[in-house]
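There are 2 protein chains.
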Amino acid sequence: MSYLDRIATCRRWDPAAYRPLVIDGRTLGRVSHGVARRLAAFPEVFVVREDAVALAPGLDDFESRSRAVAEVLGEMKARGEIPLWRGEDYPVVARWGAAPALKIERAAVPLLGTRGFGVHLNGLVQSARGLSMWVAKRAANKQTAPGKLDHLVAGGQPFGLGVRENLIKEAGEEAGVPAELAARAVAVGAVSYRCERPEGLRDDVLFCYDLELPENFTPQNTDGEVESFALWPIAEVLARIRDTEDFKFNVNLVVLDLAIRHGLIAPDDPDYQEIWQGLRLAE
Amino acid sequence: MSYLDRIATCRRWDPAAYRPLVIDGRTLGRVSHGVARRLAAFPEVFVVREDAVALAPGLDDFESRSRAVAEVLGEMKARGEIPLWRGEDYPVVARWGAAPALKIERAAVPLLGTRGFGVHLNGLVQSARGLSMWVAKRAANKQTAPGKLDHLVAGGQPFGLGVRENLIKEAGEEAGVPAELAARAVAVGAVSYRCERPEGLRDDVLFCYDLELPENFTPQNTDGEVESFALWPIAEVLARIRDTEDFKFNVNLVVLDLAIRHGLIAPDDPDYQEIWQGLRLAE
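Residue numbers (our numbering), protein chains in the order written: chain A, 7 to 289; chain B, 7 to 289.
Take the hints with a grain of salt, since some may be wrong.
Note that identical chains are pooled: a pair holds if it fits in a single copy or bridges any two copies.
As the list claims (entries may be wrong) - Under the rule of at most 25 angstroms between Cα atoms (straight-line distance), these lysine to any residue pairs were calculated in the SDA-like manner: (1) Lys175 - Ala272; (2) Lys175 - Asp275; (3) Lys143 - Glu81; (4) Lys175 - Glu251; (5) Lys154 - Arg44; (6) Lys143 - Arg190; (7) Lys175 - Gly269; (8) Lys143 - Ala46; (9) Lys148 - Ser234; (10) Lys148 - Glu50.
Source of the hints: derived by calculation from the structure; they are not laboratory data.
Just so it is clear, the structure is predicted and the values come from calculations on it, not from any experiment.
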């Protein structure tokens, strides 16, 4: 077991199992052949070919596309084909901040293989004992990744909300971090990956933040999604990541990025180049 | 002018102008067609085809390859075809720490388009005025990038020397940083790029370090390669990078990486994703 195994998990997908979702001449998603067959039942919205899925002619602006696709997704939801409906919209874009081609319900993002966005916070404590990190254990009844180890704060990044505002909101809900404390978080970069998960194809960019917390701060979960929090020496976090799959799959990447930035994994590690290259997709 | 222009400069090369240097079935360099024609004069060492350059049969270990290629390079040097001879060896590898296929003189690295390695140090001062960075102005008589703005410490990473040891050595020679102070530098990641420069094809990985310096530290150049040092507020460094080409081409990437890690460029910048993706090659 090694850090590279955790990275490989986040990059495992079979291109032959998908066809591109092409909008305005750009690949903005990837649809499995099974989903493509289901979308073919809605020819007024999706043009399904063997080599690609496109939107029907006439669906050429944000509003008309978002409305038409929402009708299809609502129909699929009614048939029970989209579990974990969230009631949150995600933009369909190649990169955060670009003008979205349309917006779609979050639960449909892995179904259409469009890009997802999230925000992850490394909750850090510097003390005489060195660097420690707050680790959350996800509730056993969570629908995704029950019981897995997680960041102090992590969540999806919906459309229409600033990344920092979202972080501060999530920090309050998930860990009881007061807004004025959460506002001290520093944007430190991002990681990205594309992999097959039970819910579909995840093609995500996660914005990463570091927050130094006072030693006397204790997190409190307020939304029932966390079973417990514990403060771990960073070396224990890294050993657990290296040796087990106990952390949620994508949390591993964000912590490895932290380890690179803080000199905990340094150029003398023979895997150094593969690790830092593995934390980001090229596009 | 924008940060993306600085990144584009570091990624500009014409694949059609090169043929791969293939060793043990792997592309470990890229040779321009003109250089390939010159290498064809040494058929006992180089097998030059239209679509690739390889080493001659029988050159199948580190020692024999290094010796044979050194003879060719020595001959080319004698003909005046390799300026800036350094007398330092670089490993020929796909990634730092891998077993090298051979070693070659540093001056030949851009000629054969093999991967180069370097170390760059962000010399930082935290004060009541915020974050500042020491900026060096390269001597006007330097052979590469005369008069350009540079890091406090930056240098090539030769074969057989640890990255951190090299950093400490260069910090002493270039900026008069005492070894015990330089040893506090933190490895913070790396940047990589591939671009055409006057000396040939640069395909480099730069290991990046941050060093927080006391306010009363003043750098002293001891090797004559720096005209002057000045402490700049980080916002001025970034503005100069955004608006001019005054910084040496690859220094821009290392400082943009710093800006991403320190939250000086954050996800609300519409170019965020292109910037952090642009700081590293995929392979």
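Worksheet item: Under a CA distance limit of 25 angstroms, which applies to Lys143 and Ala46: within one copy, between copies, both, or neither?
Response: Classified as neither: same-chain Cα gap 41 angstroms, cross-chain 63 angstroms, threshold 25 angstroms.
Discussion item. At most 25 angstroms between alpha carbons: which applies to Lys148 and Ser234, within, between, both or neither?
Written reply: within (13 angstroms within a copy, 59 angstroms between copies)
Discussion item. Checking an output row: Lys175 and Asp275, CA cutoff 25 angstroms. Within, between, both or neither?
Written reply: between (37 angstroms within a copy, 20 angstroms between copies)
Item to complete: Indicate which option fits the pair Lys175, Gly269 if close means a Cα-Cα distance not exceeding 25 angstroms: within, between, both or neither.
Response: between (30 angstroms within a copy, 19 angstroms between copies)
Worksheet item: Between the shortest in-copy and the shortest cross-copy C-alpha distance, which are at most 25 angstroms for Lys143 and Glu81: within, between, both, or neither?
Response: Neither, since 35 angstroms and 64 angstroms both go past 25 angstroms.
Worksheet item: Given a CA cutoff of 25 angstroms, do Lys175 and Ala272 count as a within-copy pair, a between-copy pair, both, or neither?
Response: Classified as between; 18 angstroms across copies, 34 angstroms inside a copy.
Practice prompt. Have a look at Lys143 and Arg190 and pick one of within, between, both or neither, based on CA distance no larger than 25 angstroms.
Written response: Classified as within; 24 angstroms inside a copy, 34 angstroms across copies.
Discussion item. Treating 25 angstroms as the Cα threshold, decide for Lys148 and Glu50: within, between, both or neither.
Written reply: Neither way: Lys148 and Glu50 sit 36 angstroms apart in one copy and 66 angstroms across, limit 25 angstroms.
Worksheet item: Is it within a copy, between copies, both, or neither that the alpha carbon of Lys154 lies no farther than 25 angstroms from that of Arg44?
Response: neither (32 angstroms within a copy, 59 angstroms between copies)
Discussion item. At most 25 angstroms between alpha carbons: which applies to Lys175 and Glu251, within, between, both or neither?
Written reply: For Lys175 and Glu251, the Cα distance exceeds 25 angstroms both inside one copy (28 angstroms) and across copies (40 angstroms).
Of the numbered hints given earlier, the model fails hints 3, 4, 5, 8 and 10; all others are met.
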